[in-house]
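Here the protein sequences line up with chains A and B, keeping their order.
Okay, so the first sequence: first residue is 1 according to this note's numbering, each after it adds one.
Okay, so the second sequence: first residue is 157 according to this note's numbering, each after it adds one.
If you're looking for bench data, these hints aren't it; they were derived computationally from the structure.
Where is the CB? At the ideal position from N, CA and C, for every residue including glycine.
Take the hints with a grain of salt, since some may be wrong.
Unchecked claim - From chain A, some residues computed to sit far from chain B (all C-beta separations above 12 Å):
1) A4
2) L13
3) G25
4) L31
5) Q35
6) R69
7) P74
8) R75
9) S81
10) K91
11) T112
12) R123
13) K143
To be verified - Simulated crosslink set (DSSO-like; lysine-lysine; CA at most 30 Å straight-line):
14) A:K94 - B:K713
15) B:K753 - A:K143
16) B:K635 - B:K704
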Amino acid sequence: MSDAAMKENMEKLEDFIQKHKNQKGALIPILHEAQELFGYIPEEVQKRIAEVLHIPAAEIFGVATFYSRFTLTPRGKHTISVCLGTACYVKNSKGVLERLEEELNVKTGGTTADGKFTLEATRCLGCCGLAPVMMIGEDVYGKLVPDDIPDIVKKY
Amino acid sequence: MEMYRSHVMICRGTGCTSSNSEQIAKNFEEEIKKHGLEKEVVVERTGCFGLCALGPVVIIYPEASFYSMVKPEDVEEIVKEHLVKGRIVKRLLYAESVEENRLKALEEVDFFKKQVRVALRNCGIINPENIDEYIAFDGYKALEKVLTKMTPAEVIDTVKRSGLRGRGGAGFPTGMKWEFASKSVNDQKYVLCNADEGDPGAFMDRSVLEGDPHSILEAMTIAGYAIGASQGYIYCRAEYPIAVKRLGIAIGQARLYGLLGDNIMGTGFKFDIELRLGAGAFVCGEETALIASVEGQRGMPRPRPPFPANKGLFAKPTILNNVETYANIPVIFNKGPEWFASMGTEKSKGTKVFALGGKISNTGLVEIPMGTSLREVIYEIGGGCPNGKKFKAVQTGGPSGGCIPEEHLDSPIDYESLAALGSIIGSGGMIVMDEDNCMVDIARFFMDFIVDESCGKCTPCREGTKRMLEILERITEGKGEEGDLDKLESLAKNIKNAALCGLGQTAPNPVLSTIRYFRDEYEAHIKDKKCPAGVCKELLNYFIIADKCKGCGICAKNCPQQCISGQPKTPYTIDSSKCIKCGVCMQKCPFKAIIRK
């Protein structure tokens, strides 16, 4: 992220924090906004939230690391989420995930060396009718077999 | 409201949206305009019809033609033939719905025949983004009755008489929960809705939120009146963007119509609802953890008592119900508690929504009266296992539930019967497994989930589940030892007795139920080092079938271990002692001559 973009996002977040700081239980909505704006939750953002909400930074770190939706490191350009919910699992979504690891040469949870993809396993996307399912960004791919993977990845 | 001669209902639930139903809706609008039919035909984006396996689904009324697996390019033909000329496009109809050239009513189709849609009553019928459509289907009528004609005590009594029990898993009587909170004296109380549907394979709450969000708002307002609360929160999974968006729209519309806010329907009753997003923690489905999360903390449970009814959100009396529980409330007031209690069994009243998934033909959402047998749901509604495979087990209740084998399929579905079988109704996920699924691997899968999602606060759950997972991993890797099953059972017993919250107390269920019903499969792994279903990689060996092998040598060329040898044009062989079981040879063989067993 460029410095200018960083600054702009900081300002946007500041507006959001100011608007919500007096609301009860504002921390999690603010972290959601930060994750959305930056793609992760940088340390300086955690410190700023701590200052305004008068919550120790350690506590904010604790909350941010508790929930799987929040990340502390930048992500790849596209996030690939392979569903490992039960319905997908019994239909071999593990095979799909393994094929992606092989194809992208990255472990689950990691980001490719070129910063293009972050590969994740997720628990149930709620479209079990399409099992096994994965999402790349907002695009949903259903009824997958491992051999579909190379062609799909090429599209990005 | 405008009158139209035809209604094109397009499913915008998650399953159908994922297979492009928004594009289909746009194409319909475009084609309808092209033919100048905008004043005669209306396109409605609705919630889930239930039969997700056949998505995207389009139903055209008044004929109720059920078009399945529609593609955007099919739309032109449907508009030209069906809407312009009145000729139904037979090739796209759901085959089950056609009988001797006659279109069956939806209620006659096997999938729908046994269903009774109470919680799902409006899903697929109304446009969830339009409050007027909800009102046209008796929406907010129950709230009006409650606010103008009933006292809070009468409201609670009605819910109690209906026999409604919590649909989130534990099955606690809803009316009693409300009564506890109403008796708790305080200046501020809260109404919470648990929309953090975390069970993998369960998507009924998602469908209600997406297909009928106003029913939740109406029910929460009724609950607020009953216990004397003025503020509600809906805690919804952030992974459900469509549900979040529609809830937001619904709250806005309700405020505009004076159905939420300071003076609801001019009665002076004050109630408002705020939406909070979960952030991906399964344990937040537990009530005290959910409360901690709404307060902005790590979502960790705390010991009870004090129960939330006395000391809940921000230390004030709070009730927390699940989405599906709320969805039943307005109907109970409109049709009467006796009507509701007339469905179901002695201790489990009403209906329950199940999400059918896994190895089953009709994947989707079904709502059936309590007491229906598992067999009816799986075979008559669900159509059984596809591809002629043999049914092995059905998993109910997600990571807190168990696997139920064939011999118990005639059991009625109610809270007590499933508990007696070592499982639970839970939130309503129902995953069918066939002969190709290894039950030890399934137990390992759920334990892996639990270890991942355990919050770490209490030792039995944090450490105990980890030890159970290690044993299960060893067994699936062929390193199982005599006595492992005893160790698993004793750990399970201790975790069940000592864990702090529902997550830990039920975590051993998938393991216990698979040991109970599939002990021979565990023993095959431990003693014979074999995986009968052919799933556990380390226990499998690859073989070349001599009759099928043409001796092309492609397998040998691709083998990373160089453990395949042979002469061209004669059958090759695999040296099992060097094989790392990567499966490349099987993938590459053009003659399907390599098997794994």
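Here is how each hint holds up against the structure:
no.: 1; hint: A4; result: holds (28 Å)
no.: 2; hint: L13; result: holds (16 Å)
no.: 3; hint: G25; result: violated (4 Å)
no.: 4; hint: L31; result: violated (7 Å)
no.: 5; hint: Q35; result: violated (8 Å)
no.: 6; hint: R69; result: violated (4 Å)
no.: 7; hint: P74; result: holds (18 Å)
no.: 8; hint: R75; result: holds (14 Å)
no.: 9; hint: S81; result: violated (9 Å)
no.: 10; hint: K91; result: violated (7 Å)
no.: 11; hint: T112; result: holds (22 Å)
no.: 12; hint: R123; result: violated (5 Å)
no.: 13; hint: K143; result: violated (9 Å)
no.: 14; hint: A:K94 - B:K713; result: holds (26 Å)
no.: 15; hint: B:K753 - A:K143; result: holds (25 Å)
no.: 16; hint: B:K635 - B:K704; result: violated (33 Å)
Violated hints for the displayed structure, listed by number in ascending order: 3, 4, 5, 6, 9, 10, 12, 13, 16.
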